[in-house]
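> Here's the letter readout for the chains.
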Amino acid sequence: MTSKNRGEGGEGILRLTLYVAGQTPKSVAAIRNLERICTEHLGADSYAIEVVDLRVSPHLAREHNIVAIPTLVRQLPVPIQKVIGDLSDTQKVLVSLQVDREG
Amino acid sequence: MSAPELSELRRRLAEAEDTLRAIREGEVDALVVRSVEREQVFHLVGGDETYRAFMESMELGAAALDTEGRLLYVNAALPGLLGVPAETLERQGLLETLGVAGAALRDLLAPEQSCRRSTEVTLSRDGKQRHLLVTAAPLPLPYGKGHALTFTDITQRLDAVAREESERIGRAIMASAIEAVAVCDAQGIVTHASPAATRMLDISPLGLSFSEAFPLAFAPGAGAMEAGDLVAVALRGGAARAMEATLRAGDRARDILLSVSPLRKAGGAVGGCIVTLVDVSERRALEKRQELLMHELDHRMKNMLALVLSISARTLEGATGLQDFAERFTQRLSALAATQDLLAGKVLSGLSLRQLVSTEVAPYVSALSARISMEGLEVEVSRDAAVALGLVFHELVTNAVKYGALSNESGRVSIRAQRPEGGGLEILWEEAGGPPVSPPARRGFGETVIARGLGKFAGGGTAVDYRPEGVTCRMLLTAESLG
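Those protein sequence lines, which keep their order, are chains A and B.
First residue of the first sequence: 1, per the UniProt record's numbering; consecutive thereafter.
First residue of the second sequence: 1, per the UniProt record's numbering; consecutive thereafter.
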């Protein structure tokens, strides 16, 4: 499992899990796009990201019922939100994560 | 159906629609398929994946970096090429793992570089250096720009170029070497020979064993040494310098100074040997000639001292006083010196009889004078004969000046030489027109020299006849006394 964490868990924090499959182009693109979006639109301590490589640990797909890769899951705040794809559409990602009010 | 259930159904429908859209629009490239027991990841293989499979299977190392130099992708070959596990590359980053070489690669990735460019980097791996050609090209990425890097191992190519260059230099050295040089392989077979080495032999030495190609005989001090033994010493890593030997090729024998040294390959192992043969035949001949000359000089010095002592003693016997002694002794030594001067330019050969006579009479009368006639004197006489004849002519001319044909204004002297039937040379000194002659009351040094001057030459000698009308002196030189 590959993971990247930023910030600590807590009240009001954005907890994100990105599911990838090794170094497929879309997986790599999703990682880069998510890093860019977070850097540009979110406060440094306002989010935590975990990257899950389903090629290494396929059973972890069950928790969030992942079908397509890459998929980004917003775990907190609830309710859970999913963004499917390589996250190249920044506005769509921000809307889905409902962080446009913060950005 | 309750409102929350309806809301959950709507959310799941929207998610399913979004998944289908993402697959349709190519935003995903892998799917998770759940079976009863476990989940499996399946990749959606498109045109990009075909290319990716190609990248994975090729021998070239390949990597993709984003604009910050972060590693996006490495193919299967690159970790092996760099000698670094793929996990290390992914964890530390490509440029960081390569250290100094990575810093060189950063220049290739500078933002202002927009075309393909290459550089060579050197990596140390297992104690050996590997040379890699790294080419960087711009790489469009879904989320921006990046760099595609390919790594080609050019170690063998550079080594081959270096070997070729080394071989070329070696051939040039061999071709220009003045000395004879031969190179043997590990079996002692001659693989290279300089032109000078080939010229020493009647046949080409290439392909023959060294001892077969170069028939060498070593100096007695070397014991039962053979050429093959020296080559064996060099092939075991030893060396020998300036061994004296004789090389017999065809009908010619050469004095040789032989040196052998091992030829080491990369890594230090002995892969053959180099043999240098210096032809010292001419040097040896010069040394022998010099030795001969030194011996001859020593011999002549002793003879000359004995002669001077003899002249001194005999002059003293006939002298009327110190003044008379000084005068005669000086004249006789001068005569001796004059002959030596003539001989000085001719180290071992003789000189012409005409030169000798002209030099000895010169202090008293010109050789070109009508009173002196010479005939048949263009004959070369040996060195020893020249010294004796020089003294004889000196005494004859001083006698003639004092008492004989050259003591008045009208006398003449004839000097003739001819070859008698028995060989050798007969020289006749004949005076005429001088005052009447009477034999001397006692024999002085001059008469002794004349009478005995040539006596020591076997078969030669002098005969003086004090005729009233003029002195005659007949000198007989043996064939050995001629030059």
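Calculated directly from the structure, the hints in this document are not laboratory data.
A hint or two may mislead.
[Said to hold, decoys possible] Interface residues of chain A toward chain B, partial, derived using beta-carbon atoms under 10 Å:
#1 Thr24
#2 Pro25
#3 Ala29
Virtual Cβ for every residue (Gly too), placed ideally from N, Cα, C.
> Next item in the hint list is alanine 29(A). Is there a CB on chain B closer than 10 Å to its CB?
Nearest chain B Cβ about 4 Å off; hint holds.
> Was the hint right that threonine 24(A) lines chain B, CB cutoff 10 Å?
holds, 5 Å
> Answer holds if the nearest beta-carbon of chain B is closer than 10 Å to that of proline 25(A); otherwise answer violated.
holds, 6 Å
Checked against the numbered hints above, the structure breaks none of them.
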